[in-house]
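Below are the chains, spelled out letter by letter.
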Amino acid sequence: MKSDPILSLKNLSKRFGTIKANENISLDLYRGEILALLGENGAGKTTLMNMLFGHYMPDAGKIEVTNASGEFINLALGNPKASIAAGIGMVHQHFTLAENLDAIDNILLGSEPLNQLRRRRKIAENKIISLMQESGLVTPLDIAVGQLTVGERQRIEILKALYRNVRILILDEPTAVLTPQEADSLFKNIKGMTSHGLSVIFISHKLREVLAYSNRITVLRQGKNVGEISTSDANEKKIAELMVGSETTLPRRQPASTGKPILKLEGVSALGRGLRDSLKNVNLTVMRGEILGIAGVSGNGQAALAAVLSGMTIPEMGTMTLNDEKLGNLDPAKMVSKGIGRIPEDRHRDGIIGSMSVAENMIIEGLSDPTFQTNGFLKREHIAAHARNLSDEYDIRGPGISAPAQLLSGGNIQKLILARVFHNKPKIILANQPTRGLDMGAAADVARRLIDARSRGSGIILISEDLDEILRLADRILVMHDGKLTETQTRDRATLGLLMAGQAA
Amino acid sequence: MIRIEARETLSIYWKLGLPVMSALLALLLASLPLNLAGAPILESYKQMVIGVLGSKFAISEMLTRATPLIFTGLAATLAFRAKLWNIGAEGQLYLGAMAAVSVGTGVFDISGLILVPLIIFCGCAIGAAGMVLPATLKIRYGADEVVTTLLLNFIIIIFLQYMLEGPLKDPMGLGWPQSSPILDQGMLPPLMDRMRIHFGFIIAIFCAAVAHFMLIRSIWGLKLKAVGENMSAAKHAGIPVNQSLITVAAISGALAGLAGVSEVAGLKGYLTADLSPGFGYTGIVVAMLAGLSPLGVVISALFIASVFVGADSMSRAMGVSSYLADLVVATALLCVLIGGFVSRYKIVRIAKNGGKN
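Which chain is which? The protein sequence lines are G and X, in order. For the first sequence, my numbering begins at 1 and goes up steadily by one. For the second sequence, my numbering begins at 1 and goes up steadily by one.
Don't read these hints as lab results, they were simulated from the structure. Some hints could be false.
As the list claims (entries may be wrong) - Listed next, with one range per pair, are the computed distances between beta-carbon atoms:
#, chain 1, residue 1, chain 2, residue 2, range
1, X, LEU133, G, SER13, 54 to 62 Å
2, G, GLU393, X, PRO190, 54 to 62 Å
3, X, ASP144, G, ARG349, 20 to 28 Å
Note that the coordinates shown come from a computational prediction; the quantities given were computed from them, not determined experimentally. By construction, the Cβ of each residue, glycine as well, lies at the ideal position given by its N, Cα and C atoms.
Isolated chain X, as found in the complex:
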């Protein structure tokens, strides 16, 4: 018989060594299918590193990819801290993006100094509403937010498809289901010349810093922790539990909405139904990998974006199927999650002598 026990302490060598070992294990495991596909392994991994760090362009691509993941990772982190399981960041991301194109594509032809904040505000507000609704249902009727937020994703995506075929459809778009482009002055400015990295990345880092500060220094953060760790004692101590849940739901939804704003107004310029390749769901992985720490979210988003971008560029350089890139990504994530598990828990064998069982 075996049993899983929480580790009490972990030596510094294990703490540093485990992530490195997990990454090496991932590379080792992924080399098997790479070898089967006929790609030279060392060369493939060299291409992967070049694809992430080899040039200014590569770094810009990686940071661009990390930006939405920081937002959705933070959205999951804050909600999960309060044991509010927001699985709906994907939908809230699209709500934010729809809000951005609703106000940013010509309804208000005003200075960018007003238009950009307006777009951001609307994206946050609508994203927040998309999470406050399930949180209210949970508080009022006990509806499980895992179910409601997950299902809302599908509703929102179907609604998005309707909007892109209808009210939001670009009349100049040659019939494609896409929105009109955001006005030039409404776009988030790029950070480097001829690179895709944009101001959304700065906003994401800022949000992570603020979230970190609020969690450790504010009464709000303390209340959130109390509600998440022991709701019964929090209520007994006079903390308004429902109010805390609604607030954190709104902030979580707003951050996910911001991911949509940043993608549409920072990167793509117009909205299509494939804006997000699952950033909302990957955000959950980012948050778990970060151990629900806002600053950790930045690091884990950078890591995941690196694996994505690196594997992608490797598959192009080596001429192997892009499915292999997905495989490398999945293996890396699994190995790191297992590494995180091993660092927190140990498996104990229980000796059974004496009894015949």
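Okay, chain G solo, but in the shape it has when bound:
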């Protein structure tokens, strides 16, 4: 397969302010291969691809690409039109589809000339149908995209790229929203397309899928290309070391005996953003000293469940019992005072107030605590001392306790939230996607702290899209699909995947 490369990035660099997002990165892509671009969050993967696609202008370096007649030409930089003309297509992690239009219109959007009087939908439809047959990416064409599943929408995004005759397809974290089965079938189809000459770069931070689906792996760390390796020579340990720069392993729970039930949800129904995301008659019991894992593709009611447990939503029906006490009139303050700690999914939106100081963010849930105030006035020395203690204990690094919390890195923001939540010694901890977007070191730290809290006797509800995380940490697993919870004993990925897709195993 090692013929001549069809794409060659040469010494690309890009800085944002003082941050070197990409430093002197070179990379070749060959015809018909699947290249995995691997790296932790912030390693520079997306920046690199955005330069390739013309969204960003590189500070230095050049990009060479073969044209239709096979000769190497310089790609005009910082110009998406030139990239599209060179046959480069990108599917973003967050889809860019118009939800009220059907698949055909979405695919045509942007590639139809504006001055054309009659639309040629029929011709386009035939071309799309033949593309679907060639690629195996099948999706309904005449239904508004808003009503399709996430997997179908992704197929439309890829078809949109194929329709524009891409030769190089970039996929940004394509499996983040898919069940394991959907991911498998996606990559099976992509493999098929590469045998027709398509070259694919896919961005990921999941080692497992990179090993399973790619031909070659390039690892980025802190904006630099730190290694290329053929997938057949790679293993998880090897690439993890390349990614992190040292040996880090994610902690795994040790079996332990669980205590008596503390939190019970019975027949809880609550409205979510849509019908699929609403809770439907959910029952759930959390024991002392256990991590209860809730697996599932997001958008299946996890948000509504988290909102109920956080006190942000009042359920339509059902009861919540904490240590035999019925919880009525739920609001966030009451949840905190009852000992329910909450780690929100979107830590920037719900977890911190970015422009307020680290110290202020640490006490924001305990404003009536007499340690921090007398008669409504802040005890600033106590607040600062508290913040220093927690910063030490939780190893929160940043420009200091009086600096705005938004200056902290994602991992340190999460540590701040953990510090605030765990300091109250909660009986129940809701951890909603607690490691999403964190680098491996920070994710390992979060996991370790959750396990510690479990051994102190807290009951932990862990909601995660990352099945590997659930399997590593959870004592018991519930699968969420279409707003309903199913308990399962299995720890087999394939069976769990079927449950996540709503098929009884």
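Keeping the supplied structure of chain G fixed, place chain X upon it in accordance with the hints.
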């Protein structure tokens, strides 16, 4: 292509130099129409300075003018901190003034020691009610407070005109649409003999100091900041968001009402429909200029009052149209606001090489 980016840091020279440069630019720009009007420029600006700082009287006039602006500036500052856009300070000012003349013109002929606090309390309460209503509509029904507070201004001013022609009309007023005068013992005492500067100025400074202290030292201030900066996280953390909004709405309205009380019971003595030449709206400029800082409000109110009073006195001394004074005021404000913008943001040119676009 250009892009606007927030500045991360600003050297001390820029921080001090920008306001000075903005002011100089304003003087330069305003000299053009002054020259066209035939006034000698240097002499005009000399008259302007004399009009603000040249005498005890001039200083008293400037401080008198600044007083209502401090109140309305604080009203805007506190509400804006919570991202509650109170554009209705003008109306709330008149509500406060109406409350002042309702209780202060003879219904209660009691000692000033009771009457003055009563007038202040009523003015604050009615002003507060004038802002709590739109805040409640916002929380209950999602009504945009920019629209409701702005429109309430017109309703209140028409209501004022009705009151001045009807229930509040001075029977001794020779038919003019004005209220009866506030009883002598109900007036805020003057601070200097034969000068217009009155006790309202002291109240305004006191309010600014208290607001500053509450914002940085109290739980209330912390909650307000949280609600204003990130309502979603504030709610998640268990802060009663609606309660915070209502409280700050009441305080904002009360401060605007106090501006009306201070004008009517400190300066004019009776209420007319032209009590305020837009103090409520100018308060927004004062607050923005101050970067929503209560102590900054005092400084920016003094600055704006100086420009107003100075330009006014200049136009009288030089015998040019008073419209020129308005022009000087507007130019100065625009230049200072642009200066403030430049100090916070920079304009970056994005080079576009390589692509043909």
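Hints versus structure:
A C-beta distance of roughly 58 Å is found between LEU133 of chain X and SER13 of chain G, which places it inside the suggested range of 54 to 62 Å. Taken as a hint, the range 54 to 62 Å holds for the pair GLU393 of chain G and PRO190 of chain X, whose Cβ atoms sit roughly 60 Å apart. At about 22 Å, the beta-carbon gap between ASP144 of chain X and ARG349 of chain G stays in the expected band of 20 to 28 Å.
Violated hints for the displayed structure: none, as all numbered hints are satisfied.
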